[in-house]
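> Single-letter residue listing:
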Amino acid sequence: MPNEKANLTFRSGVLIAVAVIVIGIFLYVKISSSSTNKKTELLILSGAGLIKPMEEIAKEFANKNNVIINVKYGGSGELMGQLSLGQAGDIFIPGAEKYVYDADKNGWIKKHTITKLVKHIPVIAIPYDNPKNINNINDLGSEGISLALGDENACAIGKISKKIIKKSWVKEQIKTNTKVYAPTVNQLLMYVVMKQVDATIIWKDMLTWAESHQSLKSIEIDPSLNIIKTIAAGVTTYSKHQKLSEQMVDFMKSPEGLKIWEKWGFEP
Amino acid sequence: MNLKKCLSIFTILFAVIIALAILSLFTQSGSKGITDYLFNEEIQYSLMLSLLTGCISTTLVIITAIPIAYFFARYLIPGQKIIKTILFLPMAFPEIVLGLCLLLLFGHPLVKEWLSVFGIEITFSKTGIVVAQFFTALPYAISTITTVFSEIDLQQELVSRSLGYSQLNTIRHITLPLAKKGIAAATTIVFARCVGAFGSVLILAGGSRMNAETLPISLYLNLSYGNMDMAITSGLMLVIIAFAGLFIIEIIEGNIGHSITDKNPDTRWNV
Chain A
1 MPNEKANLTF RSGVLIAVAV IVIGIFLYVK ISSSSTNKKT ELLILSGAGL IKPMEEIAKE
61 FANKNNVIIN VKYGGSGELM GQLSLGQAGD IFIPGAEKYV YDADKNGWIK KHTITKLVKH
121 IPVIAIPYDN PKNINNINDL GSEGISLALG DENACAIGKI SKKIIKKSWV KEQIKTNTKV
181 YAPTVNQLLM YVVMKQVDAT IIWKDMLTWA ESHQSLKSIE IDPSLNIIKT IAAGVTTYSK
241 HQKLSEQMVD FMKSPEGLKI WEKWGFEP
Chain B
1 MNLKKCLSIF TILFAVIIAL AILSLFTQSG SKGITDYLFN EEIQYSLMLS LLTGCISTTL
61 VIITAIPIAY FFARYLIPGQ KIIKTILFLP MAFPEIVLGL CLLLLFGHPL VKEWLSVFGI
121 EITFSKTGIV VAQFFTALPY AISTITTVFS EIDLQQELVS RSLGYSQLNT IRHITLPLAK
181 KGIAAATTIV FARCVGAFGS VLILAGGSRM NAETLPISLY LNLSYGNMDM AITSGLMLVI
241 IAFAGLFIIE IIEGNIGHSI TDKNPDTRWN V
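Just so you know, the protein sequences line up as chains A and B, in that order.
1 is the number of the first residue of the first sequence in our numbering; add one for each residue after it.
1 is the number of the first residue of the second sequence in our numbering; add one for each residue after it.
One chain only, chain B, in its complex shape (with noise of 0.2 Å):
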């Protein structure tokens, strides 16, 4: 046997392994009990609440992403390392931790009394979910533009600012645009990862039923009912949203040619 046999069967195996998984969440309960809940007003509320608080937070995290992801794709500052470590930390310790944190500095009475002052209520709200969730996904967007930043030649920049083009417009009509298709494809990373937030969500939110229900809550909640049917149903909707995810990106990478997983066709031996 090749290496690429080996190779494909070794990478065969854990796809199937992992299709096995999501299968058998289907299969522990009866169809009918899927259908009968799909269309639950419990049910419905959850995905109503989890895709606009998803594209709020997606919206924000992009925002801010953007300008950070920059500086640190075409700047260095002394400490830039600690600044960056300190900004992807959230990615490295369990969601859980994030909640508790974000908590602990958004239910701290002095926070909590000046925020009021604009009327901003954060924990156990709405607003709490997407605060949530927006630093859950953060982390995940900085690192994927900054990426995307840093694989855009600097000489097209350069070119650019010696026509005359100011450095704010460089951006805007050269660098932007370059980075176009890889910020879409963090968007919708960052869309799933903040429609799956769980541990942060259910801390700072509370998690109540019916008002701060989100998928991956509503998920928790029917468990501990011992609901199984419609916990696998809130399942199936988070793996439909994440599947959509991936195959847009796939999309979008594959209308240009390029891709995460396949940059260069260059790099393939021809056998």
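Chain A with its partners taken away, still in its complex shape (with noise of 0.2 Å):
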């Protein structure tokens, strides 16, 4: 009977619908009561390119304080425009420590606990075979590279790739050669990794994980040219745990901290 037949279509069709509503909830209760024992929670604005470091310290930081840390990762434009709005936010650690004096200039950050913590280097990202024989930043003004870069609002690099450029003698030549200004650095390194481009200008700790698996292969870039930025943080005017996000960013700046730090391609 055609009827029965829709009639345990329906029924399976609700039964199913229920089941996922059950899993849905239980799910959602086990996630949201594991958070909140009552802990302390303390959220960080943290710069999209910090990841590996950040979620390592937070990690550690959480265990031993007995506290929950979230992150929030984000452009450093993007990350200030929370910080304009009066989000929530207890730390703010962006890509480039100038984004810290500005929120200070704003009066978000509180002073006294803007801490200088390690060095943001700019290289050039290259496919690790080098088969277009980059080896250094005027090569990239040579005919037949293609080039990916930052765009120079929306993130950290792209500014600083340009000023680094603006100093060389192929700057020309590298804007020809630019096939794409891509508003995050993620773009710069996928579109390196999947050979899309020749080279970009990034930071050198995005280069880590690539570089011990063989795929990238940064090159410095001459010192007179590079442009070495400094990585800071500085707590919040309006974080209610105050003495607490203090702590933290004295861990980061600890020797147990930079230890994390190095660990992933920052230089003290």
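Hints are computed from structural coordinates only; laboratory data are not their basis.
Be aware that one or more of the hints could be misleading.
[Claimed, not checked] Straight-line Cα separation of at most 25 Å, BS3-like style, residue types lysine-lysine; simulated pairs:
(1) A/Lys116 to A/Lys132
(2) A/Lys175 to B/Lys112
(3) B/Lys112 to A/Lys195
(4) A/Lys195 to B/Lys5
Build the complex: two chains, separate frames, hints provided.
Structure follows, in structure tokens:
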């Protein structure tokens, strides 16, 4: 009977729907109960490029102090936008220290908490086998080279690579060779790994994983041209856990914290 | 309270939540910000680029989807379910995955070389925007138009054939005119989908400012600069385009007293 069949389909449909809802509620309760043990929670607004060391530092600090650390990753500009809206966040640690000082000027950061942590070094990233024989920044201007660079407003590396290139005598050729100005650093890395472009300028620490897996290689930029940035952190003025937040910033700067930074390619 | 009342409240509740969410986008910044940026060069550029690429990809999608949809509605071949599943797959996975797949395919040295013979460059170009939009929207078009064709009575086509029209002539003079409104509605959905495509466009076309900057990319770029007003202006444009699209569908369907949501008035309780 077709009617019976339809009835059966309907019934099993309802059964599946109920099962999905029950599992959903169960998971939701489980997730929310695990994070509401009345532990203190800190929210870190972190530059997207710092994800690897930040995850480890947050985990270490959380275990030691029996607190919960949540990290929101984003582009430095994006995080600034969040600070401006006065949304939650206890510690601000963007990809370049300039943003910390800008935030301080706007009254979003407690000045005495600003701490310089590690160096952020721009390098040239190329495929590991270096098929186009790129050895310095001037080679980026050679004919037949295609480049991906960061957008100068959307990510810190974009602004800095623009300044570095401006100092080079092949700046016009580099401009011609640039095929794409990507809004995120992840895209830059992806396009080189996938050999869509021959090179990019990116933070050295972002290549740690790719270099150890021999998919990408970094080339130092001539020190007379390079612009090395410092990463700094600060506690926000509207943090409800000032003391704990300051402890967290101190931990990032401690020998134990610095060891984690170094592991991921950041130099103290 | 009777069921009608319960369901009305339930439905209105969700409409209100969505309306509030959209409204909060506009109340976030001062209204001055939006009017300032409306005529900003970057916003104008991304609006024009979105409309242009959207029109091109929508045309290509509809031209491609009609024969495929007709095939699915009228014929059955072995393995058809698998073919259908493959074609619908991009609907089910995140756009960013689609973008990655397209980049791997069209960025492949062999494909790149072959295309460059015809002077076509897909990665990091405006052509890339159209390609990304095309593959993002195609499954929606196929699925909608297949439904439209399936609902057309086969008898009418049979009568036409028996009176001497060839198969192609039957499609031209009987099937397509009957499907006209459905295809028009599908076109509107596809256009909104193309203009709104983000992840695939970002990955394949690169998302360079003032080059591959469609409205969703402009929204994302400005969000990452921290320029909320400009981001919200792009968002506003996208909401207006979506609203206009859905409204047009309502009008198209209202005309013939048919609608996807309102197919047959006799299905309503008369209370």
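> Which of the stated hints cannot be reconciled with the structure, identified by number in ascending sequence?
Going through the list in order, the structure violates hints 1 and 4 and respects the others.
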